[in-house]
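Peer 1: In case you want the letters, here they are:
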Amino acid sequence: MRRGALNNGLRVFWYLLLVFLYAPLAVVVFFSFNAINSSARFAGFSLTWYEQLFSNDEIVDALLNTVVLALTSSLIAIVIGGMLGYGFYRYRLRRLSWLIWLIYLPMVMPDIIFGIAEMIFFIAIDRTLGILAPGLGTMVIAHVTFQVPFVALLVNARLLALDPQLFEAAQDLYASPWQRARFFLLPVLGPAIGSSFLLALTLSIDDFVISFFTAGPESTTLPIYIWSAIKKGVTPEVNAIATLMIGSVFIFALISLFARKGSTQP
Amino acid sequence: MSSLRRDTRYLLATTAPGVFFIVVFLVLPSAYLVGMAFLSNGPYGLPTPPVSLQAFRELAGFGFLGWSPGNLYTLIRSVWQSLLATAIVILIAYPAAYIISRQPARWRPLMLLAIVVPSWTNQVIRSVGWMNILAPGTPVSDVAVWVGLTEPQMGLFPSQFAVIVGLVYNFLPFMVLPLYAAFERLDTEQVEAARDLFASPVGVFRHAVFPQTLPGLMAGTVLVAIPAFGMYVVTELLGGGKASMIGNLVARQFVQASNWPLGAAGAIIMIIVTLLGLKVLRDLGRRLGGDREVLL
Chain S
1 MRRGALNNGL RVFWYLLLVF LYAPLAVVVF FSFNAINSSA RFAGFSLTWY EQLFSNDEIV
61 DALLNTVVLA LTSSLIAIVI GGMLGYGFYR YRLRRLSWLI WLIYLPMVMP DIIFGIAEMI
121 FFIAIDRTLG ILAPGLGTMV IAHVTFQVPF VALLVNARLL ALDPQLFEAA QDLYASPWQR
181 ARFFLLPVLG PAIGSSFLLA LTLSIDDFVI SFFTAGPEST TLPIYIWSAI KKGVTPEVNA
241 IATLMIGSVF IFALISLFAR KGSTQP
Chain G
1 MSSLRRDTRY LLATTAPGVF FIVVFLVLPS AYLVGMAFLS NGPYGLPTPP VSLQAFRELA
61 GFGFLGWSPG NLYTLIRSVW QSLLATAIVI LIAYPAAYII SRQPARWRPL MLLAIVVPSW
121 TNQVIRSVGW MNILAPGTPV SDVAVWVGLT EPQMGLFPSQ FAVIVGLVYN FLPFMVLPLY
181 AAFERLDTEQ VEAARDLFAS PVGVFRHAVF PQTLPGLMAG TVLVAIPAFG MYVVTELLGG
241 GKASMIGNLV ARQFVQASNW PLGAAGAIIM IIVTLLGLKV LRDLGRRLGG DREVLL
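Chain order of the listed sequences is S and G. Counting from 1, one number per residue, gives the positions in the first sequence under UniProt numbering. Counting from 1, one number per residue, gives the positions in the second sequence under UniProt numbering.
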C-alpha cells in the first residue's frame, strides 16, 4: 500500500520531469508557427517566419557554415584523436602516463577561457605572421582541439576492453603496421570510431562559446546568428531557426535509437 | 632493440598530432592569456609593458574612485549560483536515476535518451526556450505575478531565478547519467538487509543507498558544479546583467576591448577556483567514501 503510493509519486515526478525537459523546446516550436511576433500570445498558424528564414542569405550561409564546420572538424578529430587514443594505450606502461593529463585539460577548462585564449592567440598570430586570420579555418582548429580528447578517450576505452593478446597475435603473424591498422585495428575499433564521430559532430554543433570567440565576420554559424539576433532584439525568425535545429536533433535521436536496437553491441 | 626503437618511433608518431593540437592550440594560447594579466592596460584595452600587478588590483576592486566590491560580489555570486544549481540538480537527478533503474531493462535506454536529447540542442536555443517561457506576459509569468513572486510587467526573465532554472536545465543530464550508472550497479541485498533491520526510508538511503551511489554523485558533481561556475551563455541571456558570473565579467573585458589585462586576471582567478573546486570535491569524495573507490 505504502509502496504503491510511493510508486505513483515517482510516476508523477517522472512526468513532471519530462514536462520540465521538453517545455522549453515545445514552446520554441509552437511559437515558430505563430502568425504574429510574440511568444506570449498565439494568433493563428502561419509559416511566415520560415519564408523569411529561407529568403535570408545570412541564415542560409550560417546553416552551411555550421554543417561544414561540424563535418570537417569531426573528420579531422577522429583521425587525430583515434591515433592519440591508440598511442596512449600502447604507451600505458612507458612512463608517459603524465601525458594523459594533457587530454583532460580541454575537458575541465571553462569553455569561455578556452575560447578567449584561442581568440587572442589567433589574432596575435595573424598580426605577426599573416596567417590564421579568424574565420572558418580557426574555428575548425578550435573545434578539433576540444573534440580530440573525447575521441581519444572513447577509442582508448574500447582498446582497454580488448584482450591484449590480440595485439601480440597480430604482431606474431608478421603484420606490418599498415596491415595491422587495416585488418585488425580498424575493424575492431569500427564502432568506437563511429560513435566518436557522432559525439564529435554533436559537440561541434552544440558549441557556441568557442565558435563565437574564434569566428570571423564571414563565418557566422546558426547559434552565433541566433545569439546576435537576440542581442539586437530581432527575434521573429529565431524560433523558426531553433525549430529546424531541434527537428534535426530529434531525427538524429531516432536514428541513434534504431541503430542501438539494430546492433548487437552492448 | 632496434625493433623496440622502431616501435617507439611508430607510437610517438601516433600521439604527436593530438599532442601538437592540444599544446599549440590550447596550452600555448592559455599561457599567452595568463601572461597578459601581468602587463599594463594600454590604449584600446590592449596589454602593454611594463609588467605590473595593476590588473589584479583592479580585479580586487581598486579603481580611480577607491575600492568597490562589485567584482568580489560577482565571484561570490558565481560560486553561490553554481552550488545552488548543483544542489537542485542533485535533488532532481536522484529520484530520476532511481526511477530509470527500476524500470524493465528494455525501457531504460529510451528513458535515458529522453533525459539526454534536450541537451543535444544548442545551449543558445535552450536559453531561447526559457526566455519564451519566462518572459513577461506568458502564462508562467502570470502565475508568478499572481502568487506574488514577481511584479507585473517584470516577468520571471531576466532574473537570477531564470539563471538558476537555465543552469539546472543545462546540467541535469550530467548528474542523471553517472547516478544512473551507480544505481544500476546497486547491491540490492544491502538495501533489503537495511529494510529487514527496520531502517526507515531515510535510514535505508543514508546507510545502504547513499554510500553505494557516492562515486556517481561525486562524478556528477564535478560535471555540474565546475562547468556551471564557468557558465557564460545562460547567465548572459537569462540573467540580463542581474546575475552575471565571473565568465561574463572576463568576456566583457575582451569583447568590448575595454581591458584585456583585467580580463586575463579574471581568467586566472577562474582557473584557480576551478582547480580548487576539483581538489575540494576530490577530498570530500575521499572522506565521505572512506576506503571506497571514488571516481576522481
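Any given hint might turn out to be false.
Computed Cβ-Cβ distance ranges for the label pairs, DEER-style [said to hold, decoys possible]: (1) His207/G <-> Phe183/S: 50 to 56 Å; (2) Leu166/S <-> Ile272/G: 22 to 28 Å; (3) Phe210/G <-> Leu162/S: 33 to 39 Å; (4) Thr188/G <-> Phe13/S: 18 to 24 Å; (5) Glu192/G <-> Phe13/S: 20 to 26 Å; (6) Gly9/S <-> Leu186/G: 15 to 21 Å; (7) Leu64/S <-> Ser258/G: 31 to 37 Å; (8) Gln190/G <-> Phe183/S: 57 to 63 Å; (9) Phe210/G <-> Ala133/S: 22 to 28 Å; (10) Phe210/G <-> Trp178/S: 25 to 31 Å; (11) Gly66/G <-> Gly9/S: 40 to 46 Å; (12) Ala259/S <-> Pro49/G: 54 to 60 Å.
No lab work stands behind these hints, which were simulated from the structure alone. Just so it is clear, the structure is predicted and the values come from calculations on it, not from any experiment. We put the beta carbon where it would ideally sit given N, CA and C, even for glycine.
Peer 1: All hints, please: hold or fail.
Peer 2: A quick look at each hint next to the structure:
no.	hint	result
1	His207/G <-> Phe183/S: 50 to 56 Å	53 Å, holds
2	Leu166/S <-> Ile272/G: 22 to 28 Å	44 Å, violated
3	Phe210/G <-> Leu162/S: 33 to 39 Å	35 Å, holds
4	Thr188/G <-> Phe13/S: 18 to 24 Å	21 Å, holds
5	Glu192/G <-> Phe13/S: 20 to 26 Å	23 Å, holds
6	Gly9/S <-> Leu186/G: 15 to 21 Å	20 Å, holds
7	Leu64/S <-> Ser258/G: 31 to 37 Å	34 Å, holds
8	Gln190/G <-> Phe183/S: 57 to 63 Å	47 Å, violated
9	Phe210/G <-> Ala133/S: 22 to 28 Å	54 Å, violated
10	Phe210/G <-> Trp178/S: 25 to 31 Å	52 Å, violated
11	Gly66/G <-> Gly9/S: 40 to 46 Å	56 Å, violated
12	Ala259/S <-> Pro49/G: 54 to 60 Å	57 Å, holds
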